[in-house]
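Protein chains in written order, with this note's numbering: chain S, 1 to 477; chain P, 1001 to 1192.
Please keep in mind that the hints were generated in silico from the structure rather than gathered at the bench.
Only true hints are included.
Reference excerpt, derived from the structure (chain S facing chain P, CB under 10 angstroms, subset only): (1) P13; (2) A192; (3) F196.
All C-beta atoms, glycine included, are put in the ideal place defined by N, C-alpha and C.
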Amino acid sequence: MLFNSFEFAIYLPVIFILYWFVSQRNLKAQNLLLLVASYVFYGWWDWRFLSLLAFSSLVDYFVGVGFTRIDDSHRRKLLLLASICVNLGFLGFFKYYNFFAESFADVFTLLGKPIEVSRLNIILPVGISFYTFQTLSYSIDCYKRKLEPTKDFVAFFAFVSFFPQLVAGPIERASNLLPQFYKKRIFNAELAQDGFRQIIWGLFKKVVIADTCAQYVNDIFDNYPEYSGATVALGIIYFSFQIYGDFSGYSDIAIGTARLFGFDLMRNFAYPYFSRDIAEFWRRWHISLSTWFRDYLYIPLGGSRGGLWHKIRNTFIIFIVSGFWHGANWTFIVWGALNALYYMPIMLLKRNRKNLEIVGENRWYPSLREVVNLLITFTMAAFAWIFFRAQNLTEAFSYINKMITGGIGIDKLEIQRYSFEILPLIGILLLFEWFARKRMHPLNPGRWMWPKIAMVIMLIMALGSYSSLQDFIYFQF
Amino acid sequence: MKVFALNIANALVVVIMLAFLLEWAFNYCYYNPKYPRSKISSIKNPEIEETIDYAFIGSSRCINYINELQINESTWLNGHNFGYRACNPFEIKLTALELLKSRNVRRILVQVDKSFDEELPDSMAMVEWIPYLKEPEISGQFASYFDVIGIMKNLPFYRYMKYESQIGFRNVLLSMFGKERTFMRYKVCSSA
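Pulled out of the complex, with its shape left as it was, chain P reads as follows (with noise of 0.2 angstroms):
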């Protein structure tokens, strides 16, 4: 039974260990995109340059109904759209003070549906920001609405098993060596 049990003590240090890299590749990842997969990661990625002109942060009507291309072509103006899907009042302001805290934005504009009362979470747009669970502001706010913010946060690689559809490896992987995605359109804007 020893000699068991230290094999399963052997497993398990496998385990942490494993747990402990992934987690840390996985942030590396998710920090320092070479293809960002989210308007999240898109913001955290230093690359981005520092001064905007006007921000607009909504759901996928402020995605599909506004064009900064466009407006930027005209106005001479340096705008981006952080819209993205299934955006509510709470990430709303997630992201504009995640927004406010790592670029000089002149000005935002937020869209709302006509859940503009809503306060939780959305169980589907949250998820872009579970990589970001160890940034104090960022978990504070979710503490209030979830019980296992605590287990999502300090248990490594739990949340990206748990959200592995969003989140996972294929996420990581793309967000490495794919693809830039045609929602980041900003870059074409910044370029010119």
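Isolated chain S (complex conformation) (with noise of 0.2 angstroms):
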């Protein structure tokens, strides 16, 4: 079920009103309706993987309470083994293996010998790198005994499966969104009225901006070799945007959909395209898996302690397991290697902690410095997803090198739109989100609360793309 389907706008207000007014008397009640409804959320995609998301969360269930009854620690060692075997093997079958198959073969034909490898026909889960994510620092966190196990079944399965978060993130720590299963919800207004304005505000990344830079994205990256230069730049600087409102749309309309159940997730993108060098873009973009990256496998690789090789060795693997996680293409691992190379000076010259406050705080309008870092930020930004966009690595050479040599005409693009209808949108969405970066997102509260809602919902309805939905990308990963 998409976020932005009319059976979604039908099912949520349905089970909102179960939830407050037939199942709210009780914590039990609670839990057990919104596992339900999550079950039925996924299944309507495909009920034969619930059996996965159910068995995934049974493992790391009986693990946890394993954990409660086992002091020593080598056994210990073994259950959470355990675990993250079953959790990143399912992940390595359904995700990695026609990859991992397919480079061993590649390796035998350059060394002269090619040699057959059975391809896997079967298709990835939706939302298998997020929940197997989210379990395992369930397991891992119970390991570290920073976490007490739960034993309360429903509410474990809950939390697993919650489904405003499920498919598309943000990757919650079980020590922030469990303890929150425990205790018995109230209908707090406050809170779900925000949520309620930043779904709107999800929705309009998603089907105005996304959704309309995708036909732009689709038509100029199929047809890239026939196009200027100057439109196949455009052409990034385009799926920029889409996949910046197509995923951090998802992600407000997650947390804003948990809010009005009474729950609280993690942010997961603070206006990364406002940010002044590449380490503030990666603590802005994708928030909860890059520190989930920090916390699980950065800090445990020893982190930034250690000499300059060790740093500049965690750096590259923690950028290159992030880029492999999105999918199980070369071009992944090259983003993520890209931003690695990137990270590096700042790290080297000790100044990826130097812009941690907002751009221009206190001031309408940022510096000039401010304004020609933004851009620098974000040109390296959008070179990296070429490759993030690309099918594969010839792709993206080839369409680096149109890039460069194609020239500097605008084409009008074969889907009939002229190619700068879209820039004005963008611009829409850049001002209202500076205006708002010191908050979650920019229809809060205040005078212009309602004028701003009412444009935003014209705007959702006029220039929204409905003819054909569009799944969100983050799904396939």
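Got two chains here, each in a separate frame; can you build the complex from them with the hints?
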């Protein structure tokens, strides 16, 4: 079920009413309803994969129960290993098997001894990377005794499958979300209203910005050999806003929906295109994943402690693994490595914690120096997105080549729309977000709240893409 | 909960008011286009002359193979080519009825494809008629083929959202502030 679908527009109010008017009497009923609602939500896409979700939850639930009974460190380690193997095993099988098999065959082909490998003809279960990481965080936190393992079966299953963030995050830490399932939720009008406004803003980013950009991006990427260099460059600017609108829009809808049910999810995006360097960009982009890797990979590897080579190694590992998490393709690995390269000089000069406050704090406009820094950071991020969007490395390099050598004229696109039409919309997005950069989203309470809401609703109605419903990009990860 | 419900109600009121406002604005643009974006829109445009010597109606073959400008130059007649892509007998009938209603047409020439016995509306060609569904004669023609015609007709702005890529905001904007489309060649003839 997509957040921007008609089914969800019906489903959400029904669950909301049942939750606050029928199951509101006790905690068990609230959690049970959320669990059923989440499984229906996921099963709507493909019910067969519900067993995978249930099995993953079951394994981690019993691993948690095991931690409460076992004190021996060796046996605890084995238990954690079992959880990691099961979770990463599923992920590896469904997401990475074909990639490794093909890469293996490619190596033999390069050595002049081609071999045949069998490919698996399976579909990737939606959201597997997200809920796998979420349950892993539970097992690891329990193992480290940072979190008390739960014995509440329903609460744990509801935590793993919580429908607002099940398929595309934010990837919640068990220590933040699970305790919220232990307390009976009491309706908080302020939280719910803010959630509702955040849903509207997320919808704007998805159906107006991302889905409109998607049409231009698809056209340019599908036909880039025929377009000029400037149009090809414009294509990557559009993709930068498509992926931002798509994923941060999803996160906004997820966080807003969770708030309607009395939950507070972690923030996933903090206006990443208002970053002055790449380190700041990564503090603001997909925060739940970046911090997950920081907490469960970077720090266990030693983090920034140790020698220079240690730091460089750890930085490359975290960026490359993060790239690989997005998909089983060399393009994602190069995307990760490129970002690591961007990050390296800032880290070596010890300037990676330089821009911690928001840009242009206490000012309406950024300074000229800040504008230059914003543009440089955006250009670097946008350039890296080429690898993220391309189907393979050959296409990515060919696209870059076309961008450099293809001339400066702007073409009229095949989709019978002029390339410039989307630019004012991107301008509106940036303007709204610039003045809201201290807050979670731009539709905050105040004198101008309703005019702003009315304007955003009008833009959603008049300028949204509805004739071809677009999936969220991050569903495929 | 009461405050929250009130807020949701406010938002719904905003949505409903905007739907009516946008419906009115889009309808206005489709009935009074400065630069018609479709043949139907050009028929609806009150600026076009009332008497036409002959009119061609048909599919893309009609547009591509019949040069009414050449005919007009040779015959000194005032003719128009109202053919448009994927126009089936259903749309031909609608176009003919519309022409006869709003213009004094001396002769209508119809081109039909091999799908001449196809009575259903074409999913692509019918979209040009969607902005005019409020007219009972037009919605009446569609009613026998579509169950949802009532929703399309009565739910404000729904039809413009459903078919936004063809008749949505961009099309409306271009019909008011864009430039003349090349297929509207009759204008050249009329001014000559």
